[in-house]
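2 protein chains.
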Amino acid sequence: MSDAGGATRRRGRPRRTESGDTRDRILVTAREEFSERGYEKTSVRGIAKAAGVDPALVHHYFGTKEQVFEAAIEVAFAPALRAPEAIGEGPLDGIGEQLTRFIMGVWENPTTRKPVLAIVRSAVNNDTAAAVFRRLIAAQVMRRVAARLESPDAELRVELAAAQLVGCAMLRYVIKVEPLASADPEQIVARLAPVVQGHLTGP
Amino acid sequence: MSDAGGATRRRGRPRRTESGDTRDRILVTAREEFSERGYEKTSVRGIAKAAGVDPALVHHYFGTKEQVFEAAIEVAFAPALRAPEAIGEGPLDGIGEQLTRFIMGVWENPTTRKPVLAIVRSAVNNDTAAAVFRRLIAAQVMRRVAARLESPDAELRVELAAAQLVGCAMLRYVIKVEPLASADPEQIVARLAPVVQGHLTGP
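Note that the protein sequences, when read in sequence, are chains A and B. For any residue, its number in my numbering is found by taking its place in the first sequence, counting from 1, and adding 1. For any residue, its number in my numbering is found by taking its place in the second sequence, counting from 1, and adding 1.
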């Protein structure tokens, strides 16, 4: 982050900046490897090789493969997951449509669809990756949406709403069942937003 | 199926019965292999080895790996998938609860949960397995439910209803997000049945 070193940064490689660069390069590489191969088929050794560093350095910065995975997901999605849309900020009576549009937007965007698909595949295949999914998505996103509701069963409500959106993403983008896979996104939003809203704030 | 051969069936092995036995044994073995390893990691060679037959015999009876997979799924699930509950027979105003209970029942039963999980994992990981899923589940089950509805968008309605149930199964049984994973099944039925009903027969 510091600009110290200035023009000599690239060539002179002051220690602290280089270490930041290396860490970032490992993270970017890890994200690509996990996206490409999924959690199970990705190894710390493979990430290290692709990033041009020693595997020990990957362990030094991040720890276990699980921790590398968590860091890679977090850096890729934290900005999106902390966006006001992701946690349904704004009027509570529009939260169903807001969350539906947010999730549809993530899947409709080719840049985010691929890493999201990799996370879903990894979480479905592997218990460790599922645990990371629970910590990041469930704890950081769902809990924050739940905190906005006043119901004693707020967390269950959020999860059933998420189930509608997750299931739609599975059938539309992963399994590609027709006519859902080719349906107009606006038509889907029109159908799902009231359901999500009902789960969250209905009786 | 024929009892011809009677007591000598096991030892004497009349040709036609033996061939039926072998075919069945391959199917049972294939189902176990696919359940255990998923679609991608299972090979025709591996199935043949586990069934104690030549790989050529597996190809002879079923064709490609994709066709073995389809036959194995079909034989495992056809009875359940053709059950009246699976296609929502009975009064249309109870179809939401009936389908919700059917899907919950499949996942709550330890005997059916494992092969269903294997199919879901395979379909999420592999496009060929996803195509089999589409043909079997989408065409055979969803289309038949849709045929009961009078709406012009009946198929989309069924798929959005299925999305709610698929997503709930994913979060509860696969990713195991709490409190959903430990919630009382009756509580989930009470929440989801009206949503499924609404997708199918709502305005």
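Warning: the hint list may mix true and false statements.
Said to hold, decoys possible - Incomplete in silico selection of chain B near chain A, CB under 8 Å:
hint	residue
1	Glu-156
2	Leu-157
3	Glu-160
4	Ala-163
5	Met-171
Source of the hints: derived by calculation from the structure; they are not laboratory data. Using N, Cα and C, we set each Cβ at its ideal position, and we do this for glycine too.
Now for the hints, and whether the structure bears them out:
no.: 1; hint: Glu-156; result: holds (5 Å)
no.: 2; hint: Leu-157; result: holds (5 Å)
no.: 3; hint: Glu-160; result: holds (4 Å)
no.: 4; hint: Ala-163; result: holds (6 Å)
no.: 5; hint: Met-171; result: holds (6 Å)
Violated hints for the displayed structure: none, as all numbered hints are satisfied.
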